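Using the sequences and the hints given, assemble the complete structure.
Residues 33 to 543 in this note's numbering are what the sequence shown spells out, letter by letter.
Worth flagging that the hints you see were computed from the coordinates, not collected in a lab.
Bear in mind that the values here come from a model prediction, so they are computed numbers and not experimental data.
Hints are not guaranteed to be accurate.
Lysine to aspartate or glutamate pairs mimicking EDC-like chemistry, simulated, CA-CA at most 20 Å apart [as the list claims (entries may be wrong)]:
no.: 1; residue 1: K320; residue 2: D502
no.: 2; residue 1: K85; residue 2: E158
no.: 3; residue 1: K214; residue 2: D232
no.: 4; residue 1: K214; residue 2: D160
no.: 5; residue 1: K320; residue 2: D385
no.: 6; residue 1: K85; residue 2: E376
no.: 7; residue 1: K85; residue 2: D215
no.: 8; residue 1: K320; residue 2: E371
no.: 9; residue 1: K85; residue 2: D213
no.: 10; residue 1: K320; residue 2: D468
no.: 11; residue 1: K320; residue 2: D411
no.: 12; residue 1: K85; residue 2: D160
no.: 13; residue 1: K214; residue 2: E158
no.: 14; residue 1: K214; residue 2: E154
no.: 15; residue 1: K85; residue 2: D177
no.: 16; residue 1: K85; residue 2: E426
no.: 17; residue 1: K320; residue 2: D232
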Amino acid sequence: MARRTRLALGAALAVALLAGCGSAGTAPSDVVDPQATLRYATTYGASSFDPHKTRVAQDNIMLTQVYDRLVHRDRDANPIPGLAESWEFSDDGRTLTFRLREGLQFQDGTPLDAQAVRANLERAQEPDSITTTMLAPVEAIETPDPTTVVLRLNGPGTQLVLTLSDLPGMMVSPNAFGTPDKDAALVLRPVGAGRYTVADAQPGASYDFAAWDGYWDPASVTAERFEWEVVTDPQTRINALASGELDIAMATPLSIDPAAAQGLNSQVQTSLNHYVLHFNRTRSEFGKVDVRRALSTAIDRQALVGSALEGHGEAASQNFPQGYFAYNPELADRYAYDERAARETLAAAGLPDGFTFTAGVMNLPENERIAQIVQQQLDAIGVTMQIRLLSPAEMSPVFNRGELDAVLTTFSGRADPSLLLTTYFAPDSPQNPSHDVTPGFAEALAAANAEPDQQARGQLLGEVSATVVDQALMIPLAFSDLGATLTDRVVGYQPYRALDEWGGIGLTAAE
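Here is the structure:
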């Protein structure tokens, strides 16, 4: 915590000295410094370094530093080789075979072979794992030789390739789990096969990573150390960049314009991350579909983007943005803003005078601003949304225990569209406290996951979204522009639609 305080105080002092200036520090050269320490500020710190037992899906952002995955992703969230150099489905789609790279090992020297992959996937399937529903199609795992992993499926499974680029595909050394003591130690002392090891972790404040010299792709490890600070305030991140205390910082909608005003470069794109009002449909009045539809119609999403996100985002009609293969254009105007229609729908649901509910809200600047505007818009139709601020680490556990009527939160970009749909709407998912069955949902999702052609699959996933939107299982609000703000010395960064890969990011040597 002390490190974060020093950064915040130093950055606050620097802003008075650097107003109107570009990035501070010595002019960069063109040579990447392999011994550099890359200093990064993010808005969220991992609650756990155990990819299979964490209760917070957003932990995946930081866990990729330590854990490599079977599959990686390109900037548009398409699958590319990772620990697995290739994969293929059988003609009937019921067998998925992965070929691992030769000579892989974990950071503790344990071989990363087919048996290790099997042990990880079986652990990820355990009932208490956040990833268990993601691997539901996997019926059996076979390891005919050290570099071959064969997944026997009980049904459609085209989503599994991208699924294994996220938490389920993160490989932990088998020597680091399997007993209560070992599992407990993983929370802060991970043992993976990623580019970095954890040198020090102060949960919620700072995380220092040291380069691992055994990574299979050494060219992608371009910094000796990678230091992460948790800094939720956008202006503090910008000031720290301008003063030279940081090299790179997470760019969020509220930081992009102020960064530009100080001559700092932000590289962003519309991400898969989006803000939603997600209901517990067993609480308050949210068991009534017309109530949920009324609230969706009462929200002016364009106003949210313009005001709360300062124009750096996209109004959301569904859980996938325009241009993404799973986007359904027919849903664009399903709940166009109409305050009068919202009042009428609410009255038809038996609530002409409205009602009151409590929503958990992440205590991050963008989330709080969106919540305040949504609160005002719902108040216009007689609905009172009481706000309970929670940290990102608290949000999911509290909601999943059924202690809130709703949450205004961020759905992080999942590896595959079906993962998001399953995680939040499948009746047996631990992150769906309603545990209700939506007619037609499972059948539509199964049809999508049986389609090998991505364009055709995207259309089928759009039909799943149509079910979710028609039933107003949640209210999609806005997609955010995300990426990073950089000093002149940073090279190799590219914004991703979903999970940043982080490989190849480094600092040029100072002249």
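Quick one: which hint numbers does this structure break? Sort them smallest to largest.
6, 15, 17
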